[in-house]
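Start from the sequences, fold in the hints, and give me the full structure.
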Amino acid sequence: MSALTDLTLAEMAKGLREKAFSAKELAQVHVKAVEDARELNAFTVETPEHVLAAADAADAALAKGEAKPLSGIPLGIKDLFATEGVETSAGSNILRGFKPPYESTVSANLLRDGAGMLGKLNLDEFAMGSSNETSAFGKVINPWRGKGNASLVPGGSSGGSASAVAARLCAGATGTDTGGSIRQPAAFTGIAGIKPTYGRCSRWGVVAFASSLDQAGPMARDVRDCAILLKSMCGFDPKDSTSLDVAVPDFEAALTGDLKGKRVGIPREYTLDGIPGEIDAMWKKGADMLRDAGAEIVEISLPHTKYALPTYYIIAPAEASSNLARYDGVRYGNRVVPDGGNLIDMYEATRSAGFGDEVKRRIMIGTYVLSAGYYDAYYLKAQKVRALIARDFEQAWEKCDVILAPTTPSAAFEMGAKSDDPIAMYLNDVFSVPASLAGLPAMSVPAGLDNDGLPLGLQIIGKPLDECGVLNAGYAIERAAGFTARAQRWW
Amino acid sequence: MSVDAKTVKHVAHLARIEIDDERSEVMARELSNILGWIEQLGEVDTDGVEPLHAVIPNTLRWREDVVTDGNVQDKVLSNAPRAEYGFYAVPKVIE
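As given, the protein sequences belong to chains A and B, one line each in that order. Using the working numbering, read the first sequence as starting at 124 and increasing by one per residue. Using the working numbering, read the second sequence as starting at 144 and increasing by one per residue.
It should be emphasised that the hints constitute simulated quantities derived from the structure, not laboratory data. Check the hints yourself; a few may be wrong.
[As the list claims (entries may be wrong)] Pairs of lysine-lysine residues, derived as BS3-like cross-links and limited to a Cα-Cα distance of at most 27 Å, are as follows: (1) 218(B) with 222(A); (2) 362(A) with 152(B); (3) 362(A) with 383(A); (4) 586(A) with 407(A).
Here's what the structure looks like:
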């Protein structure tokens with residue numbers, strides 16, 4: 124039965140409709156796969172009862188010919204999405220035990236369309252990290268192994284989602300992307316993931332990190348599965364004031380692989396000293412693949428690329444320090460009261476005990492750059508540079524329809540390799556942060572393996588609301604690359 | 144910009160995070176490094192540039208001024224570390 128977990132989401136949906144297997148069988152093999160893979164530490168909570176109940180409902184609907192788009196599809200939900208009655212702790216001790224009395228809009232949309240939830244997926248604490256080493260629930264392990272069988276990080280912050288999809292534990296997963304948290308782990312684990320345009324997916328019920336950047340999106344085996352999941356996840360939500368009231372296209376119908384008449388921009392600033400030649404080689408190969416699919420390749424310039432990362436590390440921590448002010452030990456989560464302590468003592472002790480080092484670091488940076496006397500020099504300056512970065516893209520769209528770039532400056536690295544050097548860790552997102560700052564849709568697709576046999580991803584960035592164009596270019600790369608490699612099971 | 148341990152303690156207090164002397168020293172070095180790296184933004188000419196506030200143009204919507212939610216006191220308090228008499232309970236604030 125292990126073959127069922129090898130199917131793509133689209134193949135599972137087809138098999139269910141053709142009665143090749145039942146939703147219950149599908150759910151059961153996935154529950155078993157999750158149990159057998161605990162060594163990866165991808166899940167923080169397992170909810171077999173949830174996915175099995177959804178499977179029963181799906182089988183009943185299928186029997187009546189009333190199946191919904193995701194009926195019987197077993198998914199993993201990143202533990203940043205509030206799930207009604209199921210512990211949601213954002214990878215943090217400060218929220219441990221929190222059971223939301225409500226369901227996030229994105230996960231509710233997936234459940235509405237018939238999906239079942241296998242459990243909650245591990246992540247960097249409050250989605251702050253690029254290696255999934257900062258979770259209070261422990262590190263997530265990449266199913267791919269490095270040289271000498273070394274243990275590798277799955278990327279972050281959606282590391283549990285990436286690891287679970289790559290290890291065939293779930294058909295697909297939700298991720299969130301603030302500066303690269305869907306694309307970078309997708310690249311590190313050889314799967315596909317898309318961050319849609321800011322405002323496409325409702326942020327309601329998603330634990331907030333940096334509100335002007337946070338955006339949910341799907342992570343899945345291939346581009347088609349991403350398109351199917353994205354359609355369910357998107358949609359206008361009056362409960363999120365930044366939700367876009369626009370029609371949701373049929374993303375899957377856009378997957379023709381034909382790029383005739385499309386211009387693909389190659390940004391000359393996306394080359395960095397010290398990145399492996401293999402990344403550049405893969406990038407050039409990707410351009411050839413898109414040319415073969417009919418596209419015209421044009422060189423473009425995004426002059427402020429170099430400043431995207433430092434801009435991000437002002438804006439994201441500033442917003443985080445405001446958002447995380449809510450964790451005060453009063454309304455939810457953990458509380459620590461020193462003997463005889465007053466309310467302020469309680470706040471300080473609670474937050475000191477509840478937040479991990481990276482979260483504290485970012486709250487401190489955010490508090491510092493927003494504090495009296497520094498606001499103009501840091502935050503306002505960053506918002507101005509952000510405007511210039513967005514303008515770079517606007518000017519690029521006069522010359523091209525989508526942009527092709529590497530997703531990451533390296534393949535997955537070894538556990539602990541960058542945990543003592545915050546800036547080295549931040550540099551992981553050097554290619555993904557610019558599109559985040561400009562709110563643009565962007566995806567990563569697996570394009571090949573490096574010399575050590577590890578997956579490398581290519582990134583497609585698109586115009587606002589042109590997820591169809593992004594997915595189709597990703598589909599063209601996927602078809603041309605014929606990426607079939609997968610992590611050999613060791614767990 | 145170099146940050147010293149005293150500044151770290153001040154910022155930590157603003158952020159309501161307890162921090163001891165030893166951690167303050169470490170954090171001062173880390174923050175100085177990060178802020179030093181961030182300061183390359185000073186190279187960018189931003190004269191006359193309007194700061195960006197919304198990445199995707201969007202108008203804030205109006206809605207009817209009516210109650211849309213409520214009567215869920217139990218749900219609201221269900222996750223409280225301490226709740227008493229239908230309220231959140233905290234250490235004594237007024238002597």
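Checked hints:
no., hint, verdict
1, 218(B) with 222(A), "10 Å, holds"
2, 362(A) with 152(B), "38 Å, violated"
3, 362(A) with 383(A), "40 Å, violated"
4, 586(A) with 407(A), "22 Å, holds"
The structure fails hints 2 and 3 (numbered hints given earlier, in ascending order).
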